Amino acid sequence: MNGLLGPMMVIVWKDLLLELRSKDLVVSIVVFGLLVVVVFNFALNNTPGRSEELAPGILWAAFAFSAILAMNRAFVRDQEQGGLEGLLISPVSRDAIFLGKALTSLIFMLLVEAVLLPVYAVMLDFSALSWYLMLTIFLGTLGFAVVGTLFSAMAVQTRSREIMLPVLFFPVLLPVIIASVEASTRAIGGETFIGLGRWLPLIGVFDAIFLVICPWVFSFVVEE
Amino acid sequence: MFHFAVALCVPLCGTPMTTQPTEAVLVRSLEKSFGEWPVLWNLDLSVPWGQALVLFGANGAGKTTLLRILATHVKADHGSVAVAGQNLRSRPENARRRIGVVGHRSLLYDDLTCRENLIYYSRLFGLKDHKPRVDEVLAKVRLGDRADHRVRTLSNGMQKRASIARAILHQPDVLLLDEPETGLDRESVSILGTLLAEWTDSGRSVVMTTHDLDLGMSWGHRAGVLRGGKVNFPDAEFAETGNPANEPDIRQAIISALEAGR
Chain A
1 MNGLLGPMMV IVWKDLLLEL RSKDLVVSIV VFGLLVVVVF NFALNNTPGR
51 SEELAPGILW AAFAFSAILA MNRAFVRDQE QGGLEGLLIS PVSRDAIFLG
101 KALTSLIFML LVEAVLLPVY AVMLDFSALS WYLMLTIFLG TLGFAVVGTL
151 FSAMAVQTRS REIMLPVLFF PVLLPVIIAS VEASTRAIGG ETFIGLGRWL
201 PLIGVFDAIF LVICPWVFSF VVEE
Chain B
225 MFHFAVALCV PLCGTPMTTQ PTEAVLVRSL EKSFGEWPVL WNLDLSVPWG
275 QALVLFGANG AGKTTLLRIL ATHVKADHGS VAVAGQNLRS RPENARRRIG
325 VVGHRSLLYD DLTCRENLIY YSRLFGLKDH KPRVDEVLAK VRLGDRADHR
375 VRTLSNGMQK RASIARAILH QPDVLLLDEP ETGLDRESVS ILGTLLAEWT
425 DSGRSVVMTT HDLDLGMSWG HRAGVLRGGK VNFPDAEFAE TGNPANEPDI
475 RQAIISALEA GR
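Just so you know, the sequences run in chain order A and B.
Using my numbering, the first residue of the first sequence is number 1, and each one after it goes up by one.
Using my numbering, the first residue of the second sequence is number 225, and each one after it goes up by one.
Mixed in with the good hints, there may be bad ones.
[Said to hold, decoys possible] Derived DMTMM-like pairs: lysine to aspartate or glutamate, alpha-carbon spacing no greater than 25 angstroms straight-line:
1) B:Lys352 <-> B:Asp369
2) B:Lys355 <-> B:Asp335
3) B:Lys299 <-> A:Glu19
4) B:Lys299 <-> A:Glu85
5) B:Lys454 <-> B:Glu422
6) B:Lys454 <-> A:Glu80
7) B:Lys355 <-> A:Glu223
8) B:Lys352 <-> A:Glu80
9) B:Lys454 <-> A:Asp95
10) A:Lys23 <-> B:Glu403
11) B:Lys454 <-> A:Glu223
12) B:Lys364 <-> B:Glu403
13) B:Lys355 <-> A:Glu85
14) A:Lys23 <-> B:Asp335
15) B:Lys299 <-> B:Asp268
16) B:Lys454 <-> B:Glu483
17) A:Lys23 <-> B:Asp268
18) B:Lys355 <-> B:Asp301
19) B:Lys454 <-> B:Asp438
20) B:Lys364 <-> B:Asp436
21) B:Lys352 <-> A:Glu85
In case anyone wonders, no lab produced these hints; they're calculated from the structure.
Fair warning: this is a prediction, and the values are worked out from it, not measured in the lab.
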């Protein structure tokens, strides 16, 4: 476990340090996330009576688009500056590299969501103070991070990576997005865990499956 | 400067592939193609401990591909490759611990300082008590005073030196250098030459490629020419004597082999 956890933390430390230096990723995603909510708010004519109905959809549309932005950058720095090659010739397992990058993406997205959620709650007029909503957001974001990291590693090797990533990402993540919207609707409506029905376990199962599959596929993706 | 040692071209055909580190690098029947285009073909190679093998070759001859295979970054289509006794197919992670690579790219992050980059790599390689080691290698490549400067602020030559520091950080048994002199000034070339001499004197091995015949002749114990997907040893017929007086013959043999084309 230490052989996996140690290198993962080194990769996370390096990525956080790089982001701390440039701040370009987190800041741009936060701004983008705010713009998405403003656009949806007006486009869907959100009125006080419709907030509970519309808020979960707008929330997850903004999170999904923000995730695409974050994922597009996940491997760019490593690819451009040779860091990925440096990782691949180090004695770190491909699993640790994948999980380290996925953990970094998860941390970035959760940070962004922590900033955006209170703003969304005010703008869309719903209560974000629900543990079940938090759990839904965490599990949904975990799914984004795991699948997104794999597709980001694939897309970064193509010339049209900005187009390639959403084309790969959204079809696979559709079950997570649907389940997250449904679970969030119930959580915002004040339902308890039982009330969330099958949606939360569905996201959990999806995450578990892809946490097994994605590191395995990653080792083939980065192999030349 | 010329110090080619007595070195025999060891015939590998028929010898069993061993995982014991009897040779620093042992390659047998290596093949690699990109699409329909064969780059390396039935290539055999051995590098004894304590020796530096210099590979010459025309552009596109497969020098970088061979080094990338030895560095475990590219997989061979066919054949056996062992570095420091570690079979690259079955135990690549063990092999990576014992290999240091200097390629065309520095593999350093522009927005991290030299020291941060080296700390990052030393953690990846699981080095304990890495701080003195980082200072030591930075001093070795004479970047001690630039240790806390971001890599993007360094000149190309300094970045190359930082890349050399990265490659030797974990004290690998085998150093793989792809045209390491590129971008280096005279002083840096001298530092690298001293470092390589120390490396082989301590019983470790080096495989490097270069287009610079003079440097290659002065740094290497053996010279090979990569041509037609194979490594040929033009120095083999002169090596038995081990006589520095043979340098002009060896030099001419290398030039002839290079001029014969890919």
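Now the hints, each set against the structure:
Under the criterion of a C-alpha separation no larger than 25 angstroms, the hint pairing Lys352 (chain B) with Asp369 (chain B) is consistent with the structure, at around 24 angstroms. Between the alpha carbons of Lys355 (chain B) and Asp335 (chain B) the distance comes to roughly 20 angstroms, so the proposed pair stays at or under 25 angstroms and holds. Simply put, Lys299 (chain B) and Glu19 (chain A) have alpha-carbon atoms about 33 angstroms apart, too far for the 25 angstroms limit, and the pair is violated. With a C-alpha separation of about 14 angstroms, the suggested pairing of Lys299 (chain B) with Glu85 (chain A) holds against the 25 angstroms cut-off.
Of the pairs offered as hints, the one joining Lys454 (chain B) and Glu422 (chain B) is violated, with about 29 angstroms between alpha carbons and a cut-off of 25 angstroms exceeded. Distance hint between Lys454 (chain B) and Glu80 (chain A) is unfulfilled; the C-alpha atoms sit about 32 angstroms from each other, more than 25 angstroms. With a CA separation close to 32 angstroms, the supplied pair Lys355 (chain B) and Glu223 (chain A) exceeds the 25 angstroms bound. Among the hinted pairs, Lys352 (chain B) with Glu80 (chain A) is inconsistent with the structure: their alpha-carbon atoms are about 29 angstroms apart, more than 25 angstroms.
A hinted pair counts as satisfied when its Cα atoms are at most 25 angstroms apart, and Lys454 (chain B) with Asp95 (chain A) does not qualify at roughly 35 angstroms. Pair hint Lys23 (chain A) plus Glu403 (chain B) does not hold up; C-alpha atoms about 35 angstroms apart against a cutoff of 25 angstroms. Only pairs whose Cα atoms come within 25 angstroms are accepted, and Lys454 (chain B) paired with Glu223 (chain A) is accepted, the gap being roughly 24 angstroms. As the CA atoms of Lys364 (chain B) and Glu403 (chain B) are separated by approximately 20 angstroms, the hinted pair is consistent with the 25 angstroms bound.
Between Lys355 (chain B) and Glu85 (chain A), the direct Cα distance comes to roughly 24 angstroms. Compliance with the 25 angstroms bound is thereby established for this hinted pair. This hinted pair checks out: Lys23 (chain A) and Asp335 (chain B) have alpha carbons roughly 11 angstroms apart, not beyond 25 angstroms. With a CA separation close to 16 angstroms, the supplied pair Lys299 (chain B) and Asp268 (chain B) stays within the 25 angstroms bound. Between Lys454 (chain B) and Glu483 (chain B) the CA atoms are separated by roughly 15 angstroms; this keeps the pair inside 25 angstroms, and the hint holds.
Note on Lys23 (chain A) and Asp268 (chain B): the hinted pairing is violated, with a Cα-Cα distance of about 50 angstroms set against a maximum of 25 angstroms. At roughly 40 angstroms between alpha-carbon atoms, Lys355 (chain B) and Asp301 (chain B) are farther apart than 25 angstroms, so this suggested pair is violated. With a C-alpha separation of about 22 angstroms, the suggested pairing of Lys454 (chain B) with Asp438 (chain B) holds against the 25 angstroms cut-off. Between Lys364 (chain B) and Asp436 (chain B), the direct Cα distance comes to roughly 23 angstroms. Compliance with the 25 angstroms bound is thereby established for this hinted pair.
As the CA atoms of Lys352 (chain B) and Glu85 (chain A) are separated by approximately 23 angstroms, the hinted pair is consistent with the 25 angstroms bound.
Hint compliance for this structure: hints 3, 5, 6, 7, 8, 9, 10, 17, 18 are broken, all remaining hints hold.
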